[in-house]
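Chain by chain, the residues:
Protein chains: 4
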Amino acid sequence: MIPRYTRPELIRLWSDHHRYETWLRVELAACTAMEAAGTVPAGTAAKIAAKAAGKLDPARILEHEERTRHDVIAFLSHVEELVGEPARWLHLGMTSSDVLDAALAINLVEAADQILVGVDLLRVACRRRAEEHRATAAIGRSHGIHAEPITAGLVFAGFYAELGRARAALVGARVEIAVGKIAGAVGTYANLDPAFEDAALASLGLRPETVPTQIVARDRHAGYFMALARLGTAVERLAITVRHWQRTEVGEAMEAFGKGQKGSSAMPHKKNPILSENLCGIARLLRSYASAALEDVALWHERDISHSSVERVIGPDATGLADFMVRRAAGLVDGLVVNAARMRENLDRTGGLYFSEAVLLSLVRKGMARQAGYELVQRNALAAVEGKGSFRALLAADPDIASRLDATEIDRAFDLAHHLRHAGAIIDRALAEKDAP
Amino acid sequence: MIPRYTRPELIRLWSDHHRYETWLRVELAACTAMEAAGTVPAGTAAKIAAKAAGKLDPARILEHEERTRHDVIAFLSHVEELVGEPARWLHLGMTSSDVLDAALAINLVEAADQILVGVDLLRVACRRRAEEHRATAAIGRSHGIHAEPITAGLVFAGFYAELGRARAALVGARVEIAVGKIAGAVGTYANLDPAFEDAALASLGLRPETVPTQIVARDRHAGYFMALARLGTAVERLAITVRHWQRTEVGEAMEAFGKGQKGSSAMPHKKNPILSENLCGIARLLRSYASAALEDVALWHERDISHSSVERVIGPDATGLADFMVRRAAGLVDGLVVNAARMRENLDRTGGLYFSEAVLLSLVRKGMARQAGYELVQRNALAAVEGKGSFRALLAADPDIASRLDATEIDRAFDLAHHLRHAGAIIDRALAEKDAP
Amino acid sequence: MIPRYTRPELIRLWSDHHRYETWLRVELAACTAMEAAGTVPAGTAAKIAAKAAGKLDPARILEHEERTRHDVIAFLSHVEELVGEPARWLHLGMTSSDVLDAALAINLVEAADQILVGVDLLRVACRRRAEEHRATAAIGRSHGIHAEPITAGLVFAGFYAELGRARAALVGARVEIAVGKIAGAVGTYANLDPAFEDAALASLGLRPETVPTQIVARDRHAGYFMALARLGTAVERLAITVRHWQRTEVGEAMEAFGKGQKGSSAMPHKKNPILSENLCGIARLLRSYASAALEDVALWHERDISHSSVERVIGPDATGLADFMVRRAAGLVDGLVVNAARMRENLDRTGGLYFSEAVLLSLVRKGMARQAGYELVQRNALAAVEGKGSFRALLAADPDIASRLDATEIDRAFDLAHHLRHAGAIIDRALAEKDAP
Amino acid sequence: MIPRYTRPELIRLWSDHHRYETWLRVELAACTAMEAAGTVPAGTAAKIAAKAAGKLDPARILEHEERTRHDVIAFLSHVEELVGEPARWLHLGMTSSDVLDAALAINLVEAADQILVGVDLLRVACRRRAEEHRATAAIGRSHGIHAEPITAGLVFAGFYAELGRARAALVGARVEIAVGKIAGAVGTYANLDPAFEDAALASLGLRPETVPTQIVARDRHAGYFMALARLGTAVERLAITVRHWQRTEVGEAMEAFGKGQKGSSAMPHKKNPILSENLCGIARLLRSYASAALEDVALWHERDISHSSVERVIGPDATGLADFMVRRAAGLVDGLVVNAARMRENLDRTGGLYFSEAVLLSLVRKGMARQAGYELVQRNALAAVEGKGSFRALLAADPDIASRLDATEIDRAFDLAHHLRHAGAIIDRALAEKDAP
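Chains as they are written, first to last, in our numbering: chain A, 1 to 437; chain B, 1 to 437; chain C, 1 to 437; chain D, 1 to 437.
Just so you know, not all the hints are guaranteed correct.
Each pair may be met inside one copy or between any two copies, as identical chains are not told apart.
Below 35 Å or equal to it, Euclidean Cα-Cα: the simulated DSBU-like pairs (lysine-lysine) are [to be verified]:
| # | residue 1 | residue 2 |
| --- | --- | --- |
| 1 | Lys271 | Lys55 |
| 2 | Lys271 | Lys51 |
| 3 | Lys366 | Lys47 |
| 4 | Lys366 | Lys271 |
No wet-lab data here; the hints were simulated from the structure.
Note that the structure is predicted; figures quoted are calculated from it, not measured.
With the sequences and hints as input, model every part of the structure.
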């Protein structure tokens, strides 16, 4: 985790301190469930909580780990030194992964909740801009080439919808990861009982793993990191769009530029879309973490621990970056300076070439074969591109066109409002979808 | 697609012929919807279908494409030459991607359906083996080291459950990909109507894209290929388990060996788990395709076509391999020769060391601190490993143990049936889950 | 391999027929080496070659494989049926991988040679365009925003240099992969001799693996596919530049547009950079194949065969695509229509804002602190961007500037030829590098 | 970077403090070069160094960055406040990336040097173990199945050779990354001179970028991270081998087990190969970082800054992990407890089945067709596997064998020393290779 790209909330979430406190929560939940079943003396969990909860010393635990080279045993040794006798009732019949995996699930759920708040902020921003620019005409582009008119609101609505799908994927992954196991060494409850587990996990907001091995199955984690990769990629599409809009020649939108901010150490006139570029980089990282997570799934037999080093890195890094990313993107969309006048200027630049399809369809309706009509329209369109006149005028002057379409009919094909008549409905459709925050 | 790893069904599904026929289905669906709305003369679609459906000539279309360098225009030219005049009513107000993306969605759904049949075959096989070996005792292993007893049925039940999650992910991806757009050049319905689209897509089993651009959003496709990657990885875990079981020293299961099959050109005595190894390689391919698909999402503006070359390769390859993989895995599990006697032999090999935890817990219940108990048990366990006697005997001879546990109490810790008493319930829990075929 | 993106040469290279013929070459090379050592009767290889070389029937071999499920044994059975008695001297002491890996190395070297020819064609094209546009002024862009002037030749020289590095990496990978082993089952030469291997491999243009296991080490193959990924990525940078240049608003270059070619089925006026977009997609595929290849390295013990399915797919696909890609890119660069007038127009668009740094430096030379100067220049640059006047005029009118720089001094900062005085030298430096074809 | 997997040296290397000091080194090198050329007053660099070198305050720079949102401007502001007037001569005609990229190159070279020391330690350990176990017989395995005998030394020699190739790749990447540019905004030396750059970079141990844009080309960095991925994968193969050796049933080697170390919180008898598993996880991370780095190459025009967030993460993380990994692997190999007796026991377990090939070859030499001989030998081998007698005895009792080979001839095929006669030469060949440390 690098502070530059991580909010303090996520840094705290993945701190040693919070991790150990979460381990203790798991141990206490298990202990409480055993008390209820009579396996452990009543009141044990309360006694332990009183002496240990909130009082764990990460540095001391790391000292123990230095010696034992085993993190959970080190943790338990520390609890024992804080708590004394009642500590022997902890971890009864359990294995380290019972603690670690439930705690990891809790932390990944906490992280998902933080990220989802950010996703909602970002979607709210996209929704607002979609409504604001519902009718702001702009040229649509395919292959980077002017195609036909759209509205700027459609673009934001598209981000809104895509982020809704990414959100749904993350919500699904959050459900899938909210799973623990308190099932002992190889998941057989040899010295435990599924009933303890049910109760203990429920009190932590988790469900039991269907078929536990020593650990919770890692396909769940891979699903989680794939959902983050997908979220990052959705933000990347938004960010790339902003980068295109902000290009000097396009100039249709630009990132807000803070007072005092400097664009370039060498060139004082520059305003660069650096937030968007930054988001593109983060998307690459999130994609790469998903690859590593997928390689963690096929562990050996009832478990090997090769996933652990990966998760220690990508658990904090992927969630920290994703959380940072969606909030940065929300600020970006909120502050984006949309230049509707420039959009209109660009739209008008090609002199209505984008109405070529409407002209073609009018010809077809008049009985021309499609391919013949296509060649007729293309002939005039290319002439217009080569600067031989306005597309509208060239069409009127082309005898093969004029013999089929009169001036009024040509005018009807050159109607922007007609062209965009469905834009509002598309936006409404997107904003009405159930995943809206 | 390489025939070696693709079933004929999938080769047909991705053939030029089937692709072009699917394009025609989409054009006809749109045409029919327009007829209903009165935009196109009644009976047009029927006339076109009569002359073209089932009669498309892929070679001829490729000839047209050679000249136009545009696949859909080439296709339409061919339809025009087959059908004559009515063809001019096709593709009205539509753009190529209206056809291509709806057709791709149809083909990906068809492929998913094939794969899901295979997944169900595989799950049925896992279910059968889980029930068959519900009580077959075996040693569970963590880190490749003997841990505590499990049953072989638990392992199959674990595959069953994991494949159920992979199946659910693929079913979700299938829903998400079953989307088209008939919305024209940049998705604004400029010369179309959302009502046409609804009707046309519904007749094809598809839903409309929420906010179409020129194309259907590519995060849907990335989701699809991630689901295949996840499925591949689930199969990989199964395959790696078989490979471990079949190791000479382990020998707990082996792939069925066909009559006439040869294991090695040099070593006539070998029986190698080559099916399982093959499946591991395929899982790598499926993971890599998901990476490429994720890079396809952030296209420029209303679309660029960089995703197309990727999809032409990974659409057929990923689905063909996934389909092949699950059926090969089903055969593997069905035919797997499980050696229960060898499982028992391996289980007994460490002389009950796996009961060490039960001994430890007995000590704790007698009032020992956990860490002190751990060291006591470890001392005897390591002595047993070093060949200084059986673990059971060493424990009994250790005065620090003997002073706390008598022979009966030690015996109680050495009870395999007790150890495995919950195995059946776990298996039942897995097989009862709703994703079962 | 899909024909659309593969040249016939590469399809032939990876055909069953060529593969089997290569196997036979390896077997004959080994046989010949053994004849020289007296282990095999003189003349055996010649007898076999006479009856089998060029006469192998792939369909027949696949029939044998159906039965034996072992490709090399199937191949040997076929040779035996063609050749009769002398065939028993083939494969003596060898294992399948002795044949397969040497043959794969030969095929990968052949593929690399094809690709390298294409790389050289591409580099020749870049060199030519670099020289042609050595002095064609254009605006350089960072973050998509106008920065300072460059020449178009510099851009092509940059591609030339980067492709030179990619070429060097591929040449290195070609050397590294040109390795075989004829060392028997687990690489110990138990029934062979390193001397045979030396001679046999040398006659095939290969070197012996340093420490053979059953196979040639797969880090070599991973290195090869990483080199292809790198090559693809270098081409991608070129392709993305073309896509940016061709944007409607930029218009500085465009892909050659074939006679009869159609840009869009809906919009007859469009000319899209589809070749470049296609290349970007292929780059993603090449990157993904490298991931799969890296997962192939850490095989079990002396080998497992999980790499095989991966290599059967990515061997042909990655080389076929890379070969196609560099030749397509060569055609793209050769035919690219560079619009120098538009480059100049875009360069002039910002009214010399790009001289802001030169102005800043003049102020610093006059004794201003850098940061103070920066703010002074930025003030006028932003005013110019906001349309308050030309940058040159605003500077002259700013009293804080005027008090430090007179008109002549400002003029000196606004000198394009001075700005670009080193461009030619950079281009010469690039074209002089030793990796030039 | 997580301290758990990073040595303090690498944490220092990537600290803010060291980074800023490196930036200052670059600025001073450029300043000194300009002094030599007379562009800057003599003695400026010395004055600045006296007041700033070793005195930079990272916290203060971050404060400036908070305001300017530009890291290099923030750094320069801080130097200006430390140094006063002479600071205005810094950064003259330069752009931020002139500083950043040269500094990054220096840091990546420093990191590579640390990693290479670790690689050499690891190779020394492999060499020692290869020599030590030059003649330690063991069973070679393919597909996890016993194949033919090898020596343990061969395995270590194989690691040694593979690590030598990975080392060569990293050395190559180190050369390729040792490149900077002091060429100004878009790499044209508009306000600079290539001669300054040569001198400045040479004094820093760097070469100039062939064709600079605003930045050093990112294919160099991708090459670097691919080399680390390759190194990680080489270590992974070693680690997987150890994990296999340590399996309970195999037991041929085990990781050294520290005094006080605990294998499992539940099972006191366990000794797990956790170092090796940890290394496997790290290899996955290194592979994933290479993916992200490859996506950084195709930046827009003369640069965009999307690579920066990726590099801020993977620069420290990938090098920190690689450095940690090779040293941990060196310790692992050094301390590995090789159990030669168990190797011999496993070797003997299959009763000489591995001599089947030698028997087959004897039959072929006696004139049998290969395929007929294969079936004869396989018949007896499978009988032996099924427990019907020892392979040696079964062969002698098979009339079809006995009619061709007498007892002495069979004995000759069952000669382990003969089988392994070349092992020493292979090891010597590996250890003699020039990449040896």
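A quick look at each hint next to the structure:
no.: 1; hint: Lys271 to Lys55; result: between (49 Å within a copy, 32 Å between copies)
no.: 2; hint: Lys271 to Lys51; result: between (56 Å within a copy, 33 Å between copies)
no.: 3; hint: Lys366 to Lys47; result: between (89 Å within a copy, 20 Å between copies)
no.: 4; hint: Lys366 to Lys271; result: between (51 Å within a copy, 27 Å between copies)
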